[in-house]
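Here is what each chain is made of, one letter per residue.
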Amino acid sequence: MSKLSNILLACTALIAVSGCAKKRPAVLPPAPVDNNAAVDPNAGMNNGNVGGAIVPGSDADFQRSVSSNTVNFGLDMYDIDPTARAILDSQAQWLAKFPNQRITIEGHADERGTREYNLALGDRRANATKNYLAAKGVSSSRMTTISYGKERPVAMGSDDQSWAANRRAVTVVLN
Amino acid sequence: MTRSILGFFPLRPTLVAGDHSSLGNHPGGGRGPVGKVDVTMRNAPSPASPNWAPAFAGVVLGGRKARSVLASVGLLAFVSGTASAQDAPAPASQQAPADPAAAAPAGDQSGGLVVDVTGGISAPMPIAIPVMPTSAVVSTPAGSTDVLGRQLADIVTNDLRNSGLFTPLSPGQLRPITFPEVTAPGFDYWGSTGAQALVQGFIRANGDGNLTVGCYLYDVSSKAELTRTGFVVPPSDWRRAGHKCADMVYTRLTGEGAYFDSRVVYVSETGPKGHRIKRLAIMDQDGANHRFLTNGQSIVLTPRFAPNQQSIVYMSYLNNRPAIYVYDIGSGKQRLVVANANLTFAPRFSPDGRNILFSMAQGGNTDVYRVPAQGGTPQRLTNSPGIDTGGSYSPDGSKIVFESDRSGGQQIYVMNADGSNQQRISFGGGRYATPVWSPRGDLIAFTKLGGGFRIGIMSPSGGGEKLLTNDWQDEGPSWSPNGRVINFYRSGRGSGGKADLWSVDLTGVNERKIPTPLDGSDPAWGPLRP
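Going down the list, the sequences are from chains G and E. For the first sequence, our numbering assigns the number 186 to the initial residue and increments by one for each residue that follows. For the second sequence, our numbering assigns the number 296 to the initial residue and increments by one for each residue that follows.
If you're looking for bench data, these hints aren't it; they were derived computationally from the structure. Treat the hints loosely; a few may be bogus.
[Unchecked claim] Covered stretches of chain G (in silico footprint by chain E; criterion: 3 or more residues with CB under 8 Å from a CB of chain E, positions within the stretch not fixed):
#	region
1	306-315
2	321-332
3	340-347
For each residue, glycine too, the CB sits at the ideal point set by N, CA and C.
Using the sequences plus the hints, can you model the full thing?
Encoded structure:
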């Protein structure tokens with residue numbers, strides 16, 4: 186892991202020096218959080234746990250099966266970088282196994298943008314994610330998008346790491 | 296929820312020249328203990344009479360819109376006029392009410408006492424605002440009239456002090472004034488306090504459930520009345536009389552438009568940063584009469600008043616569908632503005648209230664649209680591949696200022712109201728967002744993004760850029776009705792960071808926090824109340 190640490194340190198230095206926005210965040214984002222629960226008490230409650238066992242095809246199954254339900258973006262960016270592509274590929278594989286499951290893709294932005302612009306930026310990120318999954322064979326009719334702008338951060342600090350973690354699109358399987 | 300809205304109105308002079316007969320049959324003619332005022336008098340008596348009281352033409356009570364109606368039989372006519380400071384001051388105790396026919400022509404503002412709004416901040420005018428006496432202490436639904444008289448003086452004091460242009464005398468320098476003294480000030484005393492202007496008033500319970508409030512402005516060194524006005528208000532609206540009085544003083548002395556009798560709608564915030572509870576809330580611009588309009592179950596953002604102040608347009612995540620709604624303040628009901636859209640946000644009314652400007656995201660692209668306020672087919676106004684959002688009309692409705700990142704980063708653009716002739720106006724280096732056109736038409740306020748977020752102003756052609764604040768994250772400006780003060784919200788850093796409402800003057804000096812019960816963001820200042 187020391188090699189990875191070195192890479193991360195190098196990336197931190199690059200970000201600090203050049204403002205490069207497309208590199209992997211210096212610290213990997215925290216574990217994905219079910220953001221739906223924060224805003225809609227009815228969504229996500231049926232997370233697939235039945236008697237303690239995770240139901241195949243549920244959002245809980247999705248989260249434990251794919252490499253991540255979250256992809257991240259550079260500052261003011263909405264392109265799907267190589268890391269994101271790998272994550273979305275694993276999502277697409279799972280979605281192919283459960284063709285009847287519908288998903289919502291949430292787009293988010295960090296606090297260092299104004300409120301209305303960030304709603305639009307979150308929408309861009311959600312759409313970019315949706316378009317990539319569609320290109321990987323996920324039917325568009327299964328996918329909806331929603332933007333939360335900067336309203337629902339997962340990392341609460343006011344630092345580059347927190348902001349990087351908040352620039353994200355989260356794929357949520359609807360049960 | 297229906298509230299009576301009083302008819303505040305500029306009062307017509309109705310005294311005929313020479314008609315100053317005092318009512319000899321009034322008890323206690325001349326100075327003496329103040330008796331109960333008889334509101335059925337037909338003629339305005341001399342102010343020397345303790346029963347002298349102004350009366351008002353065109354009073355309207357109740358109803359949702361202010362309307363002037365002719366005075367009904369039994370109501371007195373109120374004298375309203377501006378007396379030039381050049382008028383020879385007569386001994387106050389013998390002076391008949393200033394005859395408007397003999398006074399300086401209406402609109403003569405050259406009374407000598409002037410507040411310089413650009414230099415005024417550094418040298419605020421000392422002003423005395425003693426407690427407003429009452430002719431008789433009467434208990435009302437708003438409180439006892441003597442207490443109201445003190446609170447009215449407080450409202451005027453706070454409004455004027457918070458403008459940054461006045462320094463009200465401290466309570467220790469004020470002395471109680473009697474009811475007759477309201478129109479016969481003790482100028483020698485007030486002059487000795489250093490006050491340059493004097494505001495005196497009175498409050499009276501009318502016996503029909505309403506309150507009468509009179510308000511008089513005097514130039515202390517010239518010993519002259521500058522202007523007066525008066526109101527009849529239902530008890531529920533008593534604070535508005537105080538704000539109208541403060542507006543009278545402010546406009547007379549600064550030459551600026553009024554702004555104290557207005558409300559602010561905003562998003563009240565509480566809870567942790569990752570899960571803010573956001574509720575629509577409305578309050579008077581001084582923080583009073585605060586009330587929540589939504590219950591916090593759905594995220595709500597960016598509320599703005601309709602020009603007639605009867606509804607608010609805003610964005611809500613109700614049912615997990617972010618969309619814009621028009622909320623009717625009186626009924627508490629709301630309706631969806633645009634159906635079958637995935638994401639609509641950033642709404643604003645047009646100045647005539649007929650249209651709603653908004654942003655809609657489709658397929659990852661956001662543009663500015665317009666839709667009739669009553670509903671209908673949205674008309675697209677921008678069509679760039681960039682994010683176009685945050686539209687705001689010029690006060691004459693002919694142009695729209697908005698933000699777009701079509702050039703690579705957020706900048707400010709102006710276009711005609713039909714979407715034609717889109718021109719970038721921000722070229723100061725850095726990025727610009729949230730542009731809002733001043734109700735005076737002369738300036739555009741914005742958020743400048745750089746190291747921090749700062750509130751700034753520029754001309755509608757982009758020149759004269761001036762930054763008014765300098766904190767970590769100030770955003771979302773909104774203009775006072777007179778175009779001289781800007782509300783915005785300021786966020787704090789870190790996991791415990793919260794947002795609060797602040798205001799700043801055009802000079803950038805009088806920056807102050809607006810008190811709210813919880814935290815707050817997205818303030819929108821409403822129009823002056825009629």
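Hints, one by one, checked against the model:
1. 306-315: Per the Cβ count (6), the hint holds.
2. 321-332: Result for this restraint: holds, n = 4.
3. 340-347: holds (count 3)
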